[in-house]
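Protein chains: 2
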Amino acid sequence: MAAAAAARLLRLAPRRLQVKTSPLAALSFPLPRTAPLAAASGRRQSFCAAAQASADAPAAAVAAATGPVGEAVGEFRKRLRVADVKGGEDEGAALVGKELAVRGWVRTCRAQRTVTFVEVNDGSCLSNMQCVLTPDTEGYDQIDSVTTGASVLVEGVVASSQGGKQKVELKVSKITVIGKSDPTSFPIQKKRASREFLRTVAHLRPRTNTFGAVTRVRNALAYATHKFFQDNGFVWVSSPIITASDCEGAGEQFYVTTLLSNSAEGGSLLKDIPATKDGRVDWSQDFFCKPAFLTVSGQLNGETYASALSDIYTFGPTFRAENSNTARHLAEFWMIEPELAFADLNDDMACATAYLQYVVKYIIENCKEDMDFFNTWVEKGIIDRLNDVVEKKFVHLSYTDAVELLLGSKKKFEFPVKWGLDLQSEHERYITEVAFGGRPVIIRDYPKEIKAFYMRQNDDGKTVAAMDLLVPRVGELIGGSQREERLDHLEARLDEQNLNKESYWWYLDLRRYGSVPHAGFGLGFERLVQFATGIDNIRDAIPFPRVPGSAEF
Amino acid sequence: MAAAAAARLLRLAPRRLQVKTSPLAALSFPLPRTAPLAAASGRRQSFCAAAQASADAPAAAVAAATGPVGEAVGEFRKRLRVADVKGGEDEGAALVGKELAVRGWVRTCRAQRTVTFVEVNDGSCLSNMQCVLTPDTEGYDQIDSVTTGASVLVEGVVASSQGGKQKVELKVSKITVIGKSDPTSFPIQKKRASREFLRTVAHLRPRTNTFGAVTRVRNALAYATHKFFQDNGFVWVSSPIITASDCEGAGEQFYVTTLLSNSAEGGSLLKDIPATKDGRVDWSQDFFCKPAFLTVSGQLNGETYASALSDIYTFGPTFRAENSNTARHLAEFWMIEPELAFADLNDDMACATAYLQYVVKYIIENCKEDMDFFNTWVEKGIIDRLNDVVEKKFVHLSYTDAVELLLGSKKKFEFPVKWGLDLQSEHERYITEVAFGGRPVIIRDYPKEIKAFYMRQNDDGKTVAAMDLLVPRVGELIGGSQREERLDHLEARLDEQNLNKESYWWYLDLRRYGSVPHAGFGLGFERLVQFATGIDNIRDAIPFPRVPGSAEF
Chain W
1 MAAAAAARLL RLAPRRLQVK TSPLAALSFP LPRTAPLAAA SGRRQSFCAA
51 AQASADAPAA AVAAATGPVG EAVGEFRKRL RVADVKGGED EGAALVGKEL
101 AVRGWVRTCR AQRTVTFVEV NDGSCLSNMQ CVLTPDTEGY DQIDSVTTGA
151 SVLVEGVVAS SQGGKQKVEL KVSKITVIGK SDPTSFPIQK KRASREFLRT
201 VAHLRPRTNT FGAVTRVRNA LAYATHKFFQ DNGFVWVSSP IITASDCEGA
251 GEQFYVTTLL SNSAEGGSLL KDIPATKDGR VDWSQDFFCK PAFLTVSGQL
301 NGETYASALS DIYTFGPTFR AENSNTARHL AEFWMIEPEL AFADLNDDMA
351 CATAYLQYVV KYIIENCKED MDFFNTWVEK GIIDRLNDVV EKKFVHLSYT
401 DAVELLLGSK KKFEFPVKWG LDLQSEHERY ITEVAFGGRP VIIRDYPKEI
451 KAFYMRQNDD GKTVAAMDLL VPRVGELIGG SQREERLDHL EARLDEQNLN
501 KESYWWYLDL RRYGSVPHAG FGLGFERLVQ FATGIDNIRD AIPFPRVPGS
551 AEF
Chain G
1 MAAAAAARLL RLAPRRLQVK TSPLAALSFP LPRTAPLAAA SGRRQSFCAA
51 AQASADAPAA AVAAATGPVG EAVGEFRKRL RVADVKGGED EGAALVGKEL
101 AVRGWVRTCR AQRTVTFVEV NDGSCLSNMQ CVLTPDTEGY DQIDSVTTGA
151 SVLVEGVVAS SQGGKQKVEL KVSKITVIGK SDPTSFPIQK KRASREFLRT
201 VAHLRPRTNT FGAVTRVRNA LAYATHKFFQ DNGFVWVSSP IITASDCEGA
251 GEQFYVTTLL SNSAEGGSLL KDIPATKDGR VDWSQDFFCK PAFLTVSGQL
301 NGETYASALS DIYTFGPTFR AENSNTARHL AEFWMIEPEL AFADLNDDMA
351 CATAYLQYVV KYIIENCKED MDFFNTWVEK GIIDRLNDVV EKKFVHLSYT
401 DAVELLLGSK KKFEFPVKWG LDLQSEHERY ITEVAFGGRP VIIRDYPKEI
451 KAFYMRQNDD GKTVAAMDLL VPRVGELIGG SQREERLDHL EARLDEQNLN
501 KESYWWYLDL RRYGSVPHAG FGLGFERLVQ FATGIDNIRD AIPFPRVPGS
551 AEF
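Chains W and G, in that order, are what the protein sequence lines are.
Residues 1 to 553 in our numbering are what the first sequence spells out, letter by letter.
Residues 1 to 553 in our numbering are what the second sequence spells out, letter by letter.
To be clear, the hints were calculated from the coordinates, so they are not data collected in a lab.
Among the hints, a few may not be true.
Copies of the same chain look alike in the list, so a pair counts if it works inside one copy or between any two.
[Stated by the list, open to error] For lysine-lysine, the following DSSO-like pairs were computed, each having C-alpha atoms within a straight-line distance of at most 30 Å:
no., residue 1, residue 2
1, K78, K451
2, K368, K227
3, K393, K78
4, K191, K277
5, K78, K227
6, K277, K290
7, K392, K78
8, K227, K361
9, K271, K290
10, K78, K361
11, K501, K180
12, K368, K98
13, K361, K171
14, K462, K180
Can you make the complete structure from the sequences, with help from the hints?
Quick look at the structure:
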C-alpha cells in the first residue's frame, strides 16, 4: 500500500529524457566516471544553475527498474579545477585547442590596448588561469564588474601562452560574473597586505597566494600524517576534548561549564551562578556534575588504547590557557600523539624520525608549486632545509652529552647551561644549527626533575627516558618518552610530585593489568606547518587562531 | 670548534659492530625495509628490552661518513602483528613451519590434559593467535601468571591447527610474561560483560572483541572519509573549536572560560569571580575578553574557506550542552562538514550519496572480519543492509511529497503529520524502511520556518534548499543545504529570525565579495559508526563518551 502510494506520488513528476550535449561537456569532467549510468532518464540534475547551466555536462537520474522509487540521486561529478588543467607535467600543453570552463575568483584584471588579461584562481593550486578577453568576448559588457575578488565563470579555448609565466592561457569566448566585489571596499587589493592586517580578515585571507598555499600544505601534512600511521598499522583514536580529570594541573586549562549560561538580559549575573552555602561554585549543578576542562593532551587516554590495540595515534585539538602572546603559542592547536605498545625509547625515536621524514618528503613531492612559492617569497632555502631532513640521518645524543657539548662550545648563551636545568631555545638551535650543521638532533635521557611523572625512570636513578627532537630554525618540534610501565615506580613518581593517585586510578590500572613497555610522542601540528612553510608566526599556520584576547570569526 | 667538540663527545660512546642474528629475525619484519642501511655500525638499538631482546631482529646505527655526528637514529621497524600472520587470504597457511614471535594480551588460557591453549590478542585484528603450550615449553613455570589480561611474548613455530576455528596456531617454544593481571580483580573476565558495565571501565573495554572491532571500524571510517575527500580534491580545514561568535544561539553551548580558575583551596569562591559594578560577570577579564563557547558547527567557518579553495571539508569535534540522556546524543562528538563551491543542492545530494557509498564500501572491503563479527553478534543482517546502501540508487523526494506519502500511508503515527511540521524519527524510518523498502532516501526542500537562516530560499518563497539523508534503522544521518548566497535574501532571513546582523559581518562579507552558489552537509561521525556497526548506544561508538553528569577518564 505504502509502496503504491510512493509510486503514485512519484509519477507526479513526469520523467523526460533530457540529455543535453555541450562542446564543453567532455572537458568539464576530465576524470573517468567511476560508475557509468545504466540508463539515462529522469529530470536533469542542474549543476549550479546560478553559475550558468550551459557550461555543464548533462547529468541524468535513473529510475530503478523495480519497486517504488522517487527520483534517483545524480552522480557525483567533479568540477573542472585549474589544477586539473595546469597541474600536470606539461602544465596544460596537451589541452591546447580544447574548450573548457573554469570557475573561480578574479585576482587581477589588466586592460591592454586590444586585449584584457583576467587572472582567475579557484584555490585548487597556486597558479591562476590566465584568461584573455577582447571586446568581442560575450559578456565583455560586464567587464567593469570583473574586479579583484569577484567570482566568474569563464568559457573558452585553451591556447599556448605568449607570456613566459605559463604554458597555456584561456582564449575566452564568454565570461559571466557570478558575484561582484566592490573594488573600493574589498579588503584584499592587489598590493601586498601585511600578515598582521590579514589576520583581521581571516575569512578572506585564504584568497591570497600565501594563505592559499599554507592551507594546501597544511592539508597535505595532515593527510600524510594519516597515511603514514595507517600504512604502519596504527589506529586513529579520538581522545576526549572535555575532561574532568585535571591530570596535568588545572592552572593552564580552560574551564568548560554551563553554570554561566543562564544569562540575564545584559549579561550573566553573578548571583545566578549556583553556589554552595559557603559561597563556592556549586559544581554539582554543572553539566558534568564536577569541574570540567579542555584537554591539554590526549596522551594518557591514548595509552589506554595502545594497551589494547598496540599502536594508536590521536590527531585532534588541544588547549592551553597560557597568557603567552608569542609567535609560537596558540590557545587552541592541533596535536598528533602516537603511542606504541611493546616499544622503548629507541623505537620511539625511530618512529618520530620516520614520521617526520615521511611527511616532509610528501609535501616536497606533492606540493611542488606551493613549496617553490615559499622558497622564493617566504623563506629562501627552505626546500634545501627540508631536503636535509629527508636525506640526512637524524642524530641522537643524551642530555648529559648535550650539556657537555654546550659547555665545551665556548659560546656565550643568554641562559645558563648546567646539568639539571632545562635546555632553552637558544641551546637547542645551537645544537641542531651549529654543532650538527642543520641536521635534526634528538636529545634524550633528561633529568627526571624537569620532566613529567609518567616518563620511564632510567637505571641511573637520575634521568628519564625522554626525548626531544630538535630541528633547525624551529627548535623543539617533537617531544616524547618511554612511559613508566612499572606500577611501583609510577606510584612513587606521583607521590614525589604530590599528585593525587586516586584521580589516576584508570591510568594506574594499565600497570596493574597486562602492563607493557610503551612509548610515544607529541607533535604540535601548527609548529610542523611553520617548520614546513617557513611561516614566522604560528597565527598564520591555522585558519582561525585563538590567542589571549581574541577568538574572532 | 663546536664540531670538534661534538665529535669528541661521541667518541665517548665506543662503537662496536653488533649484528645479532636470530632464527626469528626474518619473520619479525615481514614487510620490506624501505631504506636499507648503508653501513651497519654503532650501538645496537635495543627493541623493547623489557619484552626480551632475543626475539628481535638486529638493528644498526649508522655513523655518517662526514661531519660531527652523534649516534644515528635507528630505522623504524614494524612489529610483527597477529594481523600480519592471519590477515591474509590464506589465514596464515603459507607461514606453516616458520618461527615467529607475537606480543599481546591473554584472552583465555585453557589447560587440557597434555597441552594448554593460550589465546593471545594484540588488537591488530579480531582474531587471536592460538598458542599451544606443553609442560616442556620454556617459561611454562610461569603458567599461573598466564591469566586473562596479562601481556605475554610468545615465540614458536607456526603449525596447521587441528581445530576448525583457525587455519594456523603457534607451537610455543618459549613464553614470557611481560605484565601480570590479577585474575581476582581484573574487571573484564571471560564471561560476557554488559555494555553498561564496560562504560565504567572505558580504559579497558577496547580489550574486548566488541570494542576492539568498533575501534578498528571507526578508524577505517575516518580514514575512508579523508581518502574520499582528498581523492576528490577537497582540502581539509580545521574549523575553530573555541568561538566567540554565538551564531547558533548560546543556549546549547558550553562556555569556555578562565574566570573560574582562581580556585581557592576547597573550591572556587563566587566572590573571586571578576564582576562589574552591577554584579554581572566581567567578561572583559576573561581569557578572550568576551564570552567564548565551544563550537556547535564548523560550517560558517568552512564556508569562508570554500569561498577561496572551492571544495573543503572539516572533520573535528563539536559540542552540545543539551541535557539529553538518550542513546543518540553526546555532549562531545565528531562532525564531518564538507562545503562545495559552485554547487547547488543536486551537487550536494550527489556528494553525500557518493561519500556514504564510498565509506560503507570501504569498511565492507577492508574490515571483513570485524563486519562478520557485527553481523553475527551485534546486528544480524547488517552486512546486507550496508550492501543495500552501496548498491541501491538513493532516492530523493521533496518534503511536500514526503508529507503526502505519509498522509496517504494510512499508518497511525504518534506525532502528527502536517505540512509545516518537522518530520519525526518515526516518519523518517517509515519512509526509508517501509515506503522505499530499505533504500536510503533524501528528503529535500523543507519549509523555511523549520530550517536554519543560512539555507537558500527556493523560488516558491515557502521552502528552502535543504536536504536530510535518511537511512534504515538510524533515520537522519546527514543534513545539508544549499547556502543562501544572495546578500539581500540572507539579511532578510537574519532579520526574520531576530539574529544580530553585526555579529555575522564576516559571514555576510562572503556575499559581498565574489559570492558563489555553494552547498554542504554535516554528518555526525558517531552516528555513522552506529549505522556501520549496529551498535545501539552512541556512547559505545566513541572511546570516551561525554554526556550529562559524566566526563570520566
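Looking back at the numbered hints, which does the structure fail to meet, lowest number first?
Result: hints 4, 13 break, sorted rising.
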